[in-house]
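Undergrad: Residue strings, one per chain:
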Amino acid sequence: MNKKFSVLALIMILAVGFGILTGCSTGKTTDSSVDATEKATITTNELAERLDDERFVIIDVRTSAEYNGWKLNGEKRGGHIKGAIDFPIAWTLNDEGQRRNDKELKELLESKGVTSDKTTVVYDGKGEKVQEMVDILKKLGYENVLSYDAGLVEWASNEGLPMDNLVNYEKLVYPQWVKALINNENPDTYLGKGYKILEVSWGEPTDYNRGHIPGAIHLDTNKIEEEPLWNRVSNEDIEKMLLENGITHDTTVILYGADNTAAARGASIMMYAGVEDVRLLDGGYKAWVDGGFEVETEAQTPTPAKEFGVKIPAHPEYIIDTKEAKEILTDENGELVSIRSWAEYLGETSGYTYIKPKGRIAGAVWGHAGSDPYHMEDYRNIDNTMRNFHEIAKNWEDWEITPEKKLAFYCGTGWRASEAFFDAYLMGWENIAVYDGGWYEWSMDENNPVEIGEPKK
Amino acid sequence: MFKAYKYKRKKMFFTMLEFISLILFIMGIGLQILAQRSMGIYRDLVYRNQILAESILSHKLLWIYKWNSLIVIGISIVVLINNKKFSLIINPYFNWIGSLLKIIILSSILYTLISYYHLNTWIAYPWIILSVIFAAAIQYIKLIYGFILTKNR
Numbered sequence: 001m002n003k004k005f006s007v008l009a010l011i012m013i014l015a016v017g018f019g020i021l022t023g024c025s026t027g028k029t030t031d032s033s034v035d036a037t038e039k040a041t042i043t044t045n046e047l048a049e050r051l052d053d054e055r056f057v058i059i060d061v062r063t064s065a066e067y068n069g070w071k072l073n074g075e076k077r078g079g080h081i082k083g084a085i086d087f088p089i090a091w092t093l094n095d096e097g098q099r100r101n102d103k104e105l106k107e108l109l110e111s112k113g114v115t116s117d118k119t120t121v122v123y124d125g126k127g128e129k130v131q132e133m134v135d136i137l138k139k140l141g142y143e144n145v146l147s148y149d150a151g152l153v154e155w156a157s158n159e160g161l162p163m164d165n166l167v168n169y170e171k172l173v174y175p176q177w178v179k180a181l182i183n184n185e186n187p188d189t190y191l192g193k194g195y196k197i198l199e200v201s202w203g204e205p206t207d208y209n210r211g212h213i214p215g216a217i218h219l220d221t222n223k224i225e226e227e228p229l230w231n232r233v234s235n236e237d238i239e240k241m242l243l244e245n246g247i248t249h250d251t252t253v254i255l256y257g258a259d260n261t262a263a264a265r266g267a268s269i270m271m272y273a274g275v276e277d278v279r280l281l282d283g284g285y286k287a288w289v290d291g292g293f294e295v296e297t298e299a300q301t302p303t304p305a306k307e308f309g310v311k312i313p314a315h316p317e318y319i320i321d322t323k324e325a326k327e328i329l330t331d332e333n334g335e336l337v338s339i340r341s342w343a344e345y346l347g348e349t350s351g352y353t354y355i356k357p358k359g360r361i362a363g364a365v366w367g368h369a370g371s372d373p374y375h376m377e378d379y380r381n382i383d384n385t386m387r388n389f390h391e392i393a394k395n396w397e398d399w400e401i402t403p404e405k406k407l408a409f410y411c412g413t414g415w416r417a418s419e420a421f422f423d424a425y426l427m428g429w430e431n432i433a434v435y436d437g438g439w440y441e442w443s444m445d446e447n448n449p450v451e452i453g454e455p456k457k
Numbered sequence: 001m002f003k004a005y006k007y008k009r010k011k012m013f014f015t016m017l018e019f020i021s022l023i024l025f026i027m028g029i030g031l032q033i034l035a036q037r038s039m040g041i042y043r044d045l046v047y048r049n050q051i052l053a054e055s056i057l058s059h060k061l062l063w064i065y066k067w068n069s070l071i072v073i074g075i076s077i078v079v080l081i082n083n084k085k086f087s088l089i090i091n092p093y094f095n096w097i098g099s100l101l102k103i104i105i106l107s108s109i110l111y112t113l114i115s116y117y118h119l120n121t122w123i124a125y126p127w128i129i130l131s132v133i134f135a136a137a138i139q140y141i142k143l144i145y146g147f148i149l150t151k152n153r
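Chains A and B, in that order, give the protein sequences.
Residue numbering for the first sequence follows the numbering used here, starting at 1 and increasing by one per position.
Residue numbering for the second sequence follows the numbering used here, starting at 1 and increasing by one per position.
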């Protein structure tokens, strides 16, 4: 009897012990695989309380278009959680569609202020892509990562929760929007008065002939600017160009290119002329191709328009010449903003073989640009889409370039300045212009004041 | 013999210069092709063409090159017609008829290019003209050198 009792007791002890051990291992793993990590979440209220907490960084993994304000998930309000940083999940892949290596990813994240010493909160529209980003962060050694599973859709539904968006986001379109336009699906914000898609580039339509958005027309920038200074052509020639391309003042015009500075140059001139609805395809032709959309190679011939509809220029304030640029320099509330590389700004190089003088317009402030005259890294993301507008504004703020001022952007001959101008326009800044002559025209007159070297203030 | 050797050495030198002038002409054509593909090259040429227009390819100098070419063609044709008289006195090592023919051809090309200067749409046109001027100048110098040899024979 005693022996049977002892065996039974032993069996019961072993059973209980086994049960305790298996129960303790639930939810935890010693496996280093990221799939087995425990998911930590944050609620809407908890997130709302921590928006100003510098120990937290919030990542929005949706597309740039959604971050800027496009409502693609049925959300009540467009934009992003106030203070959130944009990091589309697509940025974790390289051009071949493969995941970037850890070093690249970490550098990219840190360049956006997402560092492992902070608690990172990840969200998207409805939570679908969050786990993927969480897994990536964990693999990179980010220990404190939280998922905001409710997503932007829930956040946006509560009017009391702070959000931010690009004021004129609808002027920066994305490939799916253009595709819907071409398919006559009447996409959101389209005014319905007819549209034209223009591929903008210099000279022969080499890129255009290789492939373009179906229905797009090629615009050679030699039709909108002329030698010797590469300033805009006459108002009559601008009107002629617009009518030849079937564009009237109320046509929706979408501009893009392999290099979007050319498109921006076209945009600033069309806005100056009076085209009311000018939009840029964010990311240019590459964004279209990366989106997997078809291209055509057949050249399109536009049907000309008879009348533009308003007197050109309808917005002369958008492009200024040297006389007005000099007035801005003497205006206490005005700034000439140099959109040239730092080396050009300092006068170490003119930036161009055909511009001999080096330096900057005396009194001009630096608005950032890129590494050389043909790049705009300070205004672009790694996928060539427009950089986070908060970051652009911060760069400008460091040089006292603020929306209350009267601002005229300039570069060598107007392309880079046009991109900065359009970005300011997207941000809702009103008192903005492009100084058309730029450094080229300014430097040709020896009497115009010039500075070289580090700025004094 | 020594003078023959000296002349042959100079002949190699002139041949090299003729080769360079051909390269320059081809580069002029190449520049036109590149300028159509690159905005930077195109705009650079616009700037440099302005400098040429204010210096060695000014309106006045173009007029001089043009009529100089015509005069040279005329004189060369006259000399060629009377080539037997000149053959008796010119250094036998010197292919002066060949040089004259080249001068006639190059001067004709130069005359034509300059005549159509203001109608051209090629951005590298001034540079092609410069290469022809250089080639013609080489032939003029060669001809003059040939006559100097004749004088010192």
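These are calculated hints, taken from the structure and not from any lab test.
All residues carry an ideal CB built from backbone N, CA and C; glycine is no exception.
Just so you know, not all the hints are guaranteed correct.
[Stated by the list, open to error] Derived list of chain B stretches under chain A, where covered just means 3 residues or more per stretch with a C-beta under 8 Å from a C-beta of chain A:
1. 45-55
2. 107-119
[Said to hold, decoys possible] To give an idea of the chain B side of the interface with chain A (calculated C-beta under 10 Å), a few residues:
3. Gly-40
4. Tyr-42
5. Ile-104
Undergrad: Next step is simple, just say for each hint if it's right about the structure.
TA: Hints and how they fare:
1. 45-55: holds (count 4)
2. 107-119: Violated - the region 107-119 of chain B has 0 residues with a Cβ nearer than 8 Å to chain A, which falls short of three.
3. Gly-40: Status holds, d = 7 Å.
4. Tyr-42: Constraint on B/Tyr-42 satisfied, holds at 7 Å.
5. Ile-104: This interface hint is violated because 36 Å lies over the 10 Å limit.
Consistency note: the structure conflicts with the earlier hints numbered 2 and 5.
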